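A.B. asks: Take a look at the letters that make up each chain.
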Amino acid sequence: MLAYIIRRMFQSVIVLLVVGLVAFSMFRFVGDPVDNMLGQERTQADIERLRTDLGLDQPFPVQYFKFLQGAVQGNFGVSYRQGRPVATIIAERAPATLELAFVSGLFAISLGIALGVFTAIRRQGVAANVIMTLSLIGVSLPTFLIGILLIYVFSVELDWLPSFGRGDTVMVGNWSTGFLTTSGIKALILPSITLGLYQMTLIMRLVRSEMLEVLRADYIRFARARGLSERTVNFRHALRNTLVPVITVTGLQLGAIIAFAIITETVFQWPGVGLLFINAVQFVDIPVMAAYLMLISVLFVTINLIVDLLYYAIDPRLRVDGRTA
Amino acid sequence: MEPVLSVRDLVVEIPTRHGVLRPVDHVSYDLAPGEILGVVGESGAGKSMTGNAVIGLLDRPAHIAGGEILLKGQRIDNLPRSRMRRIRGKEIGMVFQDPLTSLNPLLPIGDQLSETIETHLGVSHSQARRRALAALEEVGIPAAADRLDSYPHEFSGGMRQRVVIALALCAEPSLVIADEPTTALDVSVQAQIIALLKRLCRDHGTSVILVTHDMGVIAEAADRVAVMYAGQLAEIGPVQKVLTTPRHPYTDGLVGSMPANSHGQARLRQIPGTMPRLTAIPSGCAFNPRCPQAQDRCRHDPRPQIENGAACWFPLGEPA
Numbered sequence: 001m002l003a004y005i006i007r008r009m010f011q012s013v014i015v016l017l018v019v020g021l022v023a024f025s026m027f028r029f030v031g032d033p034v035d036n037m038l039g040q041e042r043t044q045a046d047i048e049r050l051r052t053d054l055g056l057d058q059p060f061p062v063q064y065f066k067f068l069q070g071a072v073q074g075n076f077g078v079s080y081r082q083g084r085p086v087a088t089i090i091a092e093r094a095p096a097t098l099e100l101a102f103v104s105g106l107f108a109i110s111l112g113i114a115l116g117v118f119t120a121i122r123r124q125g126v127a128a129n130v131i132m133t134l135s136l137i138g139v140s141l142p143t144f145l146i147g148i149l150l151i152y153v154f155s156v157e158l159d160w161l162p163s164f165g166r167g168d169t170v171m172v173g174n175w176s177t178g179f180l181t182t183s184g185i186k187a188l189i190l191p192s193i194t195l196g197l198y199q200m201t202l203i204m205r206l207v208r209s210e211m212l213e214v215l216r217a218d219y220i221r222f223a224r225a226r227g228l229s230e231r232t233v234n235f236r237h238a239l240r241n242t243l244v245p246v247i248t249v250t251g252l253q254l255g256a257i258i259a260f261a262i263i264t265e266t267v268f269q270w271p272g273v274g275l276l277f278i279n280a281v282q283f284v285d286i287p288v289m290a291a292y293l294m295l296i297s298v299l300f301v302t303i304n305l306i307v308d309l310l311y312y313a314i315d316p317r318l319r320v321d322g323r324t325a
Numbered sequence: 001m002e003p004v005l006s007v008r009d010l011v012v013e014i015p016t017r018h019g020v021l022r023p024v025d026h027v028s029y030d031l032a033p034g035e036i037l038g039v040v041g042e043s044g045a046g047k048s049m050t051g052n053a054v055i056g057l058l059d060r061p062a063h064i065a066g067g068e069i070l071l072k073g074q075r076i077d078n079l080p081r082s083r084m085r086r087i088r089g090k091e092i093g094m095v096f097q098d099p100l101t102s103l104n105p106l107l108p109i110g111d112q113l114s115e116t117i118e119t120h121l122g123v124s125h126s127q128a129r130r131r132a133l134a135a136l137e138e139v140g141i142p143a144a145a146d147r148l149d150s151y152p153h154e155f156s157g158g159m160r161q162r163v164v165i166a167l168a169l170c171a172e173p174s175l176v177i178a179d180e181p182t183t184a185l186d187v188s189v190q191a192q193i194i195a196l197l198k199r200l201c202r203d204h205g206t207s208v209i210l211v212t213h214d215m216g217v218i219a220e221a222a223d224r225v226a227v228m229y230a231g232q233l234a235e236i237g238p239v240q241k242v243l244t245t246p247r248h249p250y251t252d253g254l255v256g257s258m259p260a261n262s263h264g265q266a267r268l269r270q271i272p273g274t275m276p277r278l279t280a281i282p283s284g285c286a287f288n289p290r291c292p293q294a295q296d297r298c299r300h301d302p303r304p305q306i307e308n309g310a311a312c313w314f315p316l317g318e319p320a
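In order, the protein sequences belong to chains A and B. Position one of the first sequence corresponds to residue 1 (this note's numbering), numbered consecutively onward. Position one of the second sequence corresponds to residue 1 (this note's numbering), numbered consecutively onward.
For the record, the hints were derived by calculation from the structure and aren't laboratory data. This structure is a prediction, so every number in the text was calculated from the model and none was measured. There could be a bad hint or two in this list.
Now the in silico label distances, taken between C-beta atoms and shown as ranges [to be verified]:
(1) A/Leu212 / B/Glu68: 56 to 66 Å
(2) B/Arg75 / A/Ala114: 32 to 42 Å
(3) B/Ser82 / A/Arg317: 26 to 36 Å
(4) A/Pro245 / B/Gln270: 54 to 64 Å
Just so you know, even glycine gets a beta-carbon here, dropped at the ideal spot from N, CA and C.
Given only the sequences and the hints, what does the whole structure look like? Please build it.
C.D. replies: Shown next as structure tokens:
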């Protein structure tokens with residue numbers, strides 16, 4: 001088990017190096033940061049000096065190596081636009097994105113599984129069919145459109161919830177949280193739904209189809225034949241057996257929730273890392289972009305590792321140390 | 001003695017777009033306490049469907065469309081779902097064909113046993129564990145105490161079927177429906193499982209409906225045998241009598257096609273043709289197109305009722 005984790009960690013490092021390399025080489029094509037940083041009145045000497053200061057005159061492998069050197073020490077350089085360390089900027093912004101991702105992930109998983117089970121058990125029912133039809137909308141509508149529709153209904157027409165920002169936040173240590181104020185919680189609702197709706201419908205449809213599959217299995221018939229209650233059959237026996245594929249997809253989708261928060265954060269002007277990234281792209285702020293991409297890939301790699309470990313927790317057949325008869 | 005189970009004119013129907021199918025058509029039989037009734041027939045003869053109807057596990061849209069099922073004199077075919085659930089496992093146990101798929105792969109077998117025991121006997125968890133252990137020992141799982149926390153995949157097929165039998169019997173039901181319990185097993189294990197089932201049911205006085213298409217298993221285990229053809233009972237009677245002097249031509253064909261009865265001939269005997277599909281059951285006696293003795297009456301008169309154990313106008317062993 002430990003050997004497996006170490007092997008996976010090693011693989012993860014390679015993945016991160018490759019992501020870093022790809023990301024870094026892409027930045028050579030997004031534009032010249034110097035154009036943005038110097039005003040109209042620049043001279044050739046100014047440009048050369050700035051290039052030397054930023055290290056942009058050095059060959060690509062050297063730049064990449066320097067970036068990696070800093071990255072392992074938690075130093076991602078200084079933002080070209082804000083002139084402050086990238087690590088500090090991201091640390092300021094991360095709580096907003098993580099809280100948003102947490103709430104929408106929670107929303108997607110809990111409602112997705114609950115509705116998935118419901119529509120599978122009552123697959124002939126009217127309510128289940130209505131939910132299934134509505135879920136098509138969730139799967140097919142683009143995120144920004146959902147956000148705009150929600151803002152129109154709940155902010156503009158009904159005026160119940162704010163249309164942008166995080167509301168009031170409270171600092172808990174270095175973490176700015178919106179969970180402790182009413183306006184903070186109200187501000188979370190619309191963006192969380194917007195961000196999690198696609199994942200929610202995806203999880204729900206997946207749980208449903210897996211449940212329908214498992215409910216036909218012999219061991220479910222046998223569980224019924226033993227007179228176990230419907231609840232035990234549906235949850236203890238059926239739902240558990242759907243979890244392995246569901247966890248795979250859910251894990252990837254949780255990564256996607258954080259990575260694709262960019263769109264939702266733009267629509268709701270949410271002060272998180274996604275919005276930071278968009279602004280960085282406009283300004284060719286290479287250190288910020290590089291740090292963001294590395295962060296996202298660390299996140300995906302970690303989630304994947306956790307998902308693999310969860311398989312072991314759920315499915316005893318995968319445990320290699322098991323005894324055999 | 002009052003029968004444990006009485007099936008009276010049971011009809012199971014499946015409505016389809018092309019009309020109503022009848023996989024079980026007016027089947028009646030009684031089962032005495034401790035008796036083993038073998039039910040034989042080809043695939044699709046309605047053997048399993050009858051068993052599923054008795055335990056109330058027909059898959060929709062199949063449903064009981066007529067007749068009665070009485071358990072110890074009480075009707076159970078019209079019970080509400082929650083009452084029927086309490087009968088399943090407690091009064092009627094069931095053993096399925098494939099032990100590899102009948103156990104939940106994610107739960108230790110001890111948990112599957114104790115949840116069943118707790119559900120029906122209302123005992124504490126630790127008591128249920130003790131009973132689960134006793135049940136495993138009774139079905140002959142070696143080192144049962146160490147195997148309570150083992151998962152199904154850690155057992156061989158034969159051992160798993162023993163676990164399945166322990167599960168079916170752990171709440172002491174008065175009737176067990178064993179649906180092809182040996183079909184998926186190695187030949188070498190089949191006899192052990194049948195012997196185990198026989199011994200347990202004799203010890204506990206449990207009646208068994210043994211559904212199979214294997215005449216050898218019937219001869220080995222059953223007290224009485226019911227032969228089904230196209231959803232109907234063709235013949236029913238004591239095993240010895242039915243196997244040695246079959247009265248229905250279909251039973252005669254089945255018995256004749258057992259390899260042991262071919263007496264070293266190069267080719268095994270077989271019944272010509274195949275069983276009709278449910279959508280095209282012939283008029284008159286359902287067996288008439290394949291029957292060597294068929295006469296006009298078999299083709300035109302309504303199907304014969306069971307008389308003296310056989311549903312045939314011209315039973316064998318009687319002057320025509």
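A.B. asks: Next, verify each hint and record whether it holds.
C.D. replies: Consistency of the hints with the structure:
1. A/Leu212 / B/Glu68: 56 to 66 Å: violated, 33 Å
2. B/Arg75 / A/Ala114: 32 to 42 Å: Given range 32 to 42 Å: holds, Cβ gap about 38 Å.
3. B/Ser82 / A/Arg317: 26 to 36 Å: holds, 34 Å
4. A/Pro245 / B/Gln270: 54 to 64 Å: Hint violated: Cβ distance 45 Å, outside 54 to 64 Å.
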